[in-house]
Amino acid sequence: MGHRSYVGQSPPRREDPGLVAGAHRYVADIVVPGCLDAVFVRSFEAHGLLNAVDLAAAQSMEGIVGAYSAGELPDLPVTPAPPRAEVPPEMSWPALARDRVRFAGQPIAVVLAADRYTAEDGAELVFADIDPLEAVIDPGPAASDEVMLFEPRSNVVSVREFGAPVDDVMDSAPVVVETIIRNERLCPTSIETRGIVVVPDGDDITVHVSHQAPQRLRQSLARSFGIEAELVRVIVPHVGGAFGAKSQTYPEYIVIAHLARKLGRPVRWIEDRREAFAGATHGRGQTQRLRLAADREGNLLALEALVDADIGAYPHTGEFIAANTGWMLSGPYTIPHLHVRVRAVVTNTTPTAAYRGAGRPEAAYALERALDRLAHRLGADPAELRLRNFIDRNEFPYRSPTGAVYDSGDHAAALRLALERAGYDDARAEQRRRRTTGDGNPLGIGIGSYIERSGGQEGSTEFGSVTIEPDGTVVARSGATPQGQGHATAFAQVVASALEVELDRVSVIQGDTDEVPVGVGTFGSRSMQVGGSSLHHAAHDALEEARLRASAHLEVAEADLRYDDGRFTVVGTDRSVTLGQLATERALSAQAEFGPPQAFPFGTYVAVVELDRDTGDISLEKLVAVDDCGIVINPKLVEGQSVGSIIQGIGQALYEQVVFDEYGQPLMSSLMDYSLPTVAELPELVLDQTVTPNPNVPLGNKGAGEAGCIGTPPAIVNAIVDALGGRDEGIDLPVTPEKVWLVLSRSD
Amino acid sequence: MHLQLTVNGNPREVDGAWEGESLLYVLRERLGLPGSKNACEQGECGSCSVYLDGVLVCSCLVLAAQAAGRDVVTVEGLAENGELHPIQKDFVEAGAVQCGFCTPGLIVATHELLARNPRPTDPEIREALAGNLCRCTGYEKILDAVRAAAVRNSRA
Numbered sequence: 001m002g003h004r005s006y007v008g009q010s011p012p013r014r015e016d017p018g019l020v021a022g023a024h025r026y027v028a029d030i031v032v033p034g035c036l037d038a039v040f041v042r043s044f045e046a047h048g049l050l051n052a053v054d055l056a057a058a059q060s061m062e063g064i065v066g067a068y069s070a071g072e073l074p075d076l077p078v079t080p081a082p083p084r085a086e087v088p089p090e091m092s093w094p095a096l097a098r099d100r101v102r103f104a105g106q107p108i109a110v111v112l113a114a115d116r117y118t119a120e121d122g123a124e125l126v127f128a129d130i131d132p133l134e135a136v137i138d139p140g141p142a143a144s145d146e147v148m149l150f151e152p153r154s155n156v157v158s159v160r161e162f163g164a165p166v167d168d169v170m171d172s173a174p175v176v177v178e179t180i181i182r183n184e185r186l187c188p189t190s191i192e193t194r195g196i197v198v199v200p201d202g203d204d205i206t207v208h209v210s211h212q213a214p215q216r217l218r219q220s221l222a223r224s225f226g227i228e229a230e231l232v233r234v235i236v237p238h239v240g241g242a243f244g245a246k247s248q249t250y251p252e253y254i255v256i257a258h259l260a261r262k263l264g265r266p267v268r269w270i271e272d273r274r275e276a277f278a279g280a281t282h283g284r285g286q287t288q289r290l291r292l293a294a295d296r297e298g299n300l301l302a303l304e305a306l307v308d309a310d311i312g313a314y315p316h317t318g319e320f321i322a323a324n325t326g327w328m329l330s331g332p333y334t335i336p337h338l339h340v341r342v343r344a345v346v347t348n349t350t351p352t353a354a355y356r357g358a359g360r361p362e363a364a365y366a367l368e369r370a371l372d373r374l375a376h377r378l379g380a381d382p383a384e385l386r387l388r389n390f391i392d393r394n395e396f397p398y399r400s401p402t403g404a405v406y407d408s409g410d411h412a413a414a415l416r417l418a419l420e421r422a423g424y425d426d427a428r429a430e431q432r433r434r435r436t437t438g439d440g441n442p443l444g445i446g447i448g449s450y451i452e453r454s455g456g457q458e459g460s461t462e463f464g465s466v467t468i469e470p471d472g473t474v475v476a477r478s479g480a481t482p483q484g485q486g487h488a489t490a491f492a493q494v495v496a497s498a499l500e501v502e503l504d505r506v507s508v509i510q511g512d513t514d515e516v517p518v519g520v521g522t523f524g525s526r527s528m529q530v531g532g533s534s535l536h537h538a539a540h541d542a543l544e545e546a547r548l549r550a551s552a553h554l555e556v557a558e559a560d561l562r563y564d565d566g567r568f569t570v571v572g573t574d575r576s577v578t579l580g581q582l583a584t585e586r587a588l589s590a591q592a593e594f595g596p597p598q599a600f601p602f603g604t605y606v607a608v609v610e611l612d613r614d615t616g617d618i619s620l621e622k623l624v625a626v627d628d629c630g631i632v633i634n635p636k637l638v639e640g641q642s643v644g645s646i647i648q649g650i651g652q653a654l655y656e657q658v659v660f661d662e663y664g665q666p667l668m669s670s671l672m673d674y675s676l677p678t679v680a681e682l683p684e685l686v687l688d689q690t691v692t693p694n695p696n697v698p699l700g701n702k703g704a705g706e707a708g709c710i711g712t713p714p715a716i717v718n719a720i721v722d723a724l725g726g727r728d729e730g731i732d733l734p735v736t737p738e739k740v741w742l743v744l745s746r747s748d
Numbered sequence: 001m002h003l004q005l006t007v008n009g010n011p012r013e014v015d016g017a018w019e020g021e022s023l024l025y026v027l028r029e030r031l032g033l034p035g036s037k038n039a040c041e042q043g044e045c046g047s048c049s050v051y052l053d054g055v056l057v058c059s060c061l062v063l064a065a066q067a068a069g070r071d072v073v074t075v076e077g078l079a080e081n082g083e084l085h086p087i088q089k090d091f092v093e094a095g096a097v098q099c100g101f102c103t104p105g106l107i108v109a110t111h112e113l114l115a116r117n118p119r120p121t122d123p124e125i126r127e128a129l130a131g132n133l134c135r136c137t138g139y140e141k142i143l144d145a146v147r148a149a150a151v152r153n154s155r156a
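If you read the protein sequences in the order shown, they are chains A and B.
By our numbering, the letter at position 327 of the first sequence is numbered 327, and the numbering carries on one by one without gaps.
By our numbering, the letter at position 64 of the second sequence is numbered 64, and the numbering carries on one by one without gaps.
Please note: incorrect hints may appear among the correct ones.
[As the list claims (entries may be wrong)] Here are the simulated SDA-like pairs of lysine to any residue, each with C-alpha atoms no more than 25 Å apart in a straight line:
{"#": "1", "chain 1": "B", "residue 1": "Lys89", "chain 2": "A", "residue 2": "Arg435"}
{"#": "2", "chain 1": "A", "residue 1": "Lys636", "chain 2": "B", "residue 2": "Val73"}
{"#": "3", "chain 1": "A", "residue 1": "Lys262", "chain 2": "A", "residue 2": "Ala488"}
{"#": "4", "chain 1": "A", "residue 1": "Lys636", "chain 2": "B", "residue 2": "Lys89"}
{"#": "5", "chain 1": "B", "residue 1": "Lys89", "chain 2": "A", "residue 2": "Ala488"}
{"#": "6", "chain 1": "B", "residue 1": "Lys89", "chain 2": "A", "residue 2": "Ala412"}
{"#": "7", "chain 1": "A", "residue 1": "Lys622", "chain 2": "A", "residue 2": "Ala488"}
{"#": "8", "chain 1": "B", "residue 1": "Lys89", "chain 2": "A", "residue 2": "Val508"}
{"#": "9", "chain 1": "B", "residue 1": "Lys89", "chain 2": "A", "residue 2": "Ala680"}
{"#": "10", "chain 1": "B", "residue 1": "Lys89", "chain 2": "A", "residue 2": "Pro237"}
{"#": "11", "chain 1": "A", "residue 1": "Lys636", "chain 2": "B", "residue 2": "Gly54"}
{"#": "12", "chain 1": "B", "residue 1": "Lys89", "chain 2": "A", "residue 2": "Pro11"}
{"#": "13", "chain 1": "B", "residue 1": "Lys89", "chain 2": "A", "residue 2": "Thr118"}
{"#": "14", "chain 1": "B", "residue 1": "Lys89", "chain 2": "A", "residue 2": "Pro17"}
{"#": "15", "chain 1": "A", "residue 1": "Lys636", "chain 2": "B", "residue 2": "Pro86"}
{"#": "16", "chain 1": "A", "residue 1": "Lys622", "chain 2": "B", "residue 2": "Lys89"}
{"#": "17", "chain 1": "A", "residue 1": "Lys622", "chain 2": "B", "residue 2": "Thr121"}
{"#": "18", "chain 1": "B", "residue 1": "Lys89", "chain 2": "A", "residue 2": "Arg388"}
Since the hints were derived computationally from the structure, they do not count as laboratory data.
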């Protein structure tokens, strides 16, 4: 009998029967008797002096259990910054505003009642006396420090540089294209908002929370409250999407935990949609100035990128997300000289953090738009230009000029496959026909080639353990906690394959720090690459331990043992022992904390668009996505990640934008103001892949899940600009029919 | 107020409800039926979709008082004899579920679509489900699930 392996298969998701029945529990579904509901009072000014918070009316309202501002809670900890962020202490984020408010939506006070409706009424009665100050919402002007958020400290929190100035090359290069790109802010908009329930028990607290990294949250809460981590149990139930915005410790979490500890009563906060737009972190938000130099044949000579990252009112995760952009800016190309400067700048807006892609979409979009500008200038085919400059497949591992070490790749193969699947030559012929004859609407073909980085921070590990129970079942524990990706199914495939046992024998436990005290979390397309690899190693170690025990038990050399389907048999006999029997007297378990190098998935997307000459309407006729994430463990799950990510990329390209007015007021407070793609916007998608195995992990897989929103926006916008004959003035993200119409009308 | 209504075929009574609270709140917080999800409370995402006297509604937009004496069916009421409804199975088989938070609303909306139009075309499916937002799946597999249900109906 052959080796039993589930790698490459798509068994049914274990999570689904309970989800389609509405039976699985999310944080808002958890019933805790006597739990108080919290409602936050938020700043209506983007910038101002907070003179006083009058709680008297709320406190005296019937049914209100308590109302608190920072003044009532002198021991309230500040919002802890993530370890990687460079946050000067004077720029720390108070959990409730003290003296000063710096963005509209910032929590000022909190009101508690036995039910949400009463607490909302109480919150209405809180009066905050705020003297408004001038607000600054754009990182460029903010960097000039004319309006300061933390005077006397500059609004520029950090400056990171990659490479060295390239002015000499620019001055002598035959061709230089320049472009300024505004990579708009987006709202991650998981359908489930944030939520937390904190249940105190003496000095212990149990925290039910919708989160991506429960172990990290546990450490963070313990440090904030000055208690041992052992006193904090974090449980993550089913999570209704996250996309990067549920990876941090939020001010609201500190407040809720603080009140639960102070009052000795369970307290919950379930965010409403309006709060989710103003109070939860946003993503993207960069202004990028690029200069790209080439010779007349199109060989790239140098790239300069000056990036101002709008990180919102308080430096948090967004501070280092911007660095990812710098790190990835040379993309899949050989660029001899590179200089990137990334400034992280505070503004009077909602703080930023990770949103799916987290710095890489910003890099890919900027570079791919600049490449198309260059192709237009040279009169070159954009596909040919990319093929000319791709890192050769024989040059891997490749050290990029920013210092990233790309593990493997064959970028030309992915691009050629994408062109073929898109019918590129036919589309170009049709485009020429329309241009020549003037028949039909403008047609555009756009390419977005990308390289992405999966695995999270270099060297970061994930915890995995595999325990064989006496009944022969297997329990896998992982620190990679899911938000709907299907980890329980895919991790079981990895462990069952490594142990060569039936898939159904493996159960997966995640998301409870009592069960899995150690772990890093799910973000950066790392779960299968890092967490899956750890489980693979743990399973192998458990099997080797079992082999040793089987050898002793059966009194034969290991070489005389045959292993099959959970059973060791002495070759040529019927003497055997099962994994379960070997786990009866002594626990049979192994664990791993594997930290492979980052991986660099890649691919090429091709979009075909048609523009309505009269209305500017954009019809996305076809989107071809060719991704290479190495060996695929579960094709159905990866496809689901691809499509979901692509639609988010379409949202960025065509619909979504967080807008603040000049006073810093967010102009979107509901899903009517912020256009998520609906089923009606789903275009024809063609998915394909090339497979370049990851040489640094046992199963050869790389991260999947963020590629779609990296490759899609440049492909679509390049297609629109192509349809407009290269005229890109005013074609900013998101590209609306109005912007297209303005370009079309100028030419007519 | 004292509220009487029928939920998933069972008569239910609620004491102490406020007339202005939402039917969604009654279902989730008072009747122990959290399958219907609260994702916007503004009738924009469809996650709380239920039947009210056979009509598809966003339960966040129905007041408790409006639900008095009415017949409500939620996602919890679609399974038959402890078996998932065929539409629920279609969603599982198509890979139409990721985080699952929008799923109950989509299941109820699909159930309603197929009840009035057993063999919908793609444009009809898109129109019917355009009020249900999903952020994870990108909708393609949801379309597949509904198409599969339509094919099953054409065989029946």
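Given the hint that Lys636 (chain A) pairs with Lys89 (chain B), test it: the Cα-Cα distance must not exceed 25 Å. holds (16 Å)
Given the hint that Lys89 (chain B) pairs with Pro11 (chain A), does the C-alpha gap stay at or below 25 Å? It holds: about 14 Å lies between the C-alpha atoms, which stays within 25 Å.
Hinted pair, alpha-carbon criterion (25 Å max): Lys622 (chain A), Thr121 (chain B). Please report holds or violated. holds (20 Å)
Lys89 (chain B) and Pro237 (chain A): Cα distance at most 25 Å? holds (23 Å)
Starting from Lys636 (chain A), check that the Cα of Pro86 (chain B) is at most 25 Å away, please. holds (21 Å)
For the pair supplied as a hint, Lys89 (chain B) and Ala488 (chain A), confirm whether the alpha-carbon distance does not exceed 25 Å. holds (19 Å)
Holds or violated: Lys89 (chain B) and Thr118 (chain A), Cα atoms, limit 25 Å. This hinted pair is violated, its Cα atoms lying about 40 Å apart.
Can the restraint linking Lys622 (chain A) and Lys89 (chain B) be considered satisfied, given a maximum Cα separation of 25 Å? Violated, at roughly 30 Å.
Take the C-alpha atoms of Lys636 (chain A) and Gly54 (chain B), compute the straight-line distance between them, and say whether it is at most 25 Å. violated (35 Å)
Hint check: Lys622 (chain A) vs Ala488 (chain A), CA-CA at most 25 Å. Holds or violated? Distance of about 33 Å is beyond 25 Å: violated.
Is the straight-line distance between the alpha-carbon of Lys89 (chain B) and that of Ala680 (chain A) 25 Å or less? holds (23 Å)
Agreement of Lys89 (chain B) and Pro17 (chain A) with the hint, judged by alpha carbon distance not exceeding 25 Å: It holds: about 8 Å lies between the C-alpha atoms, which stays within 25 Å.
When held up to the earlier numbered hints, the structure conflicts with 1, 2, 3, 6, 7, 11, 13, 16 and 18 and fits the remainder.
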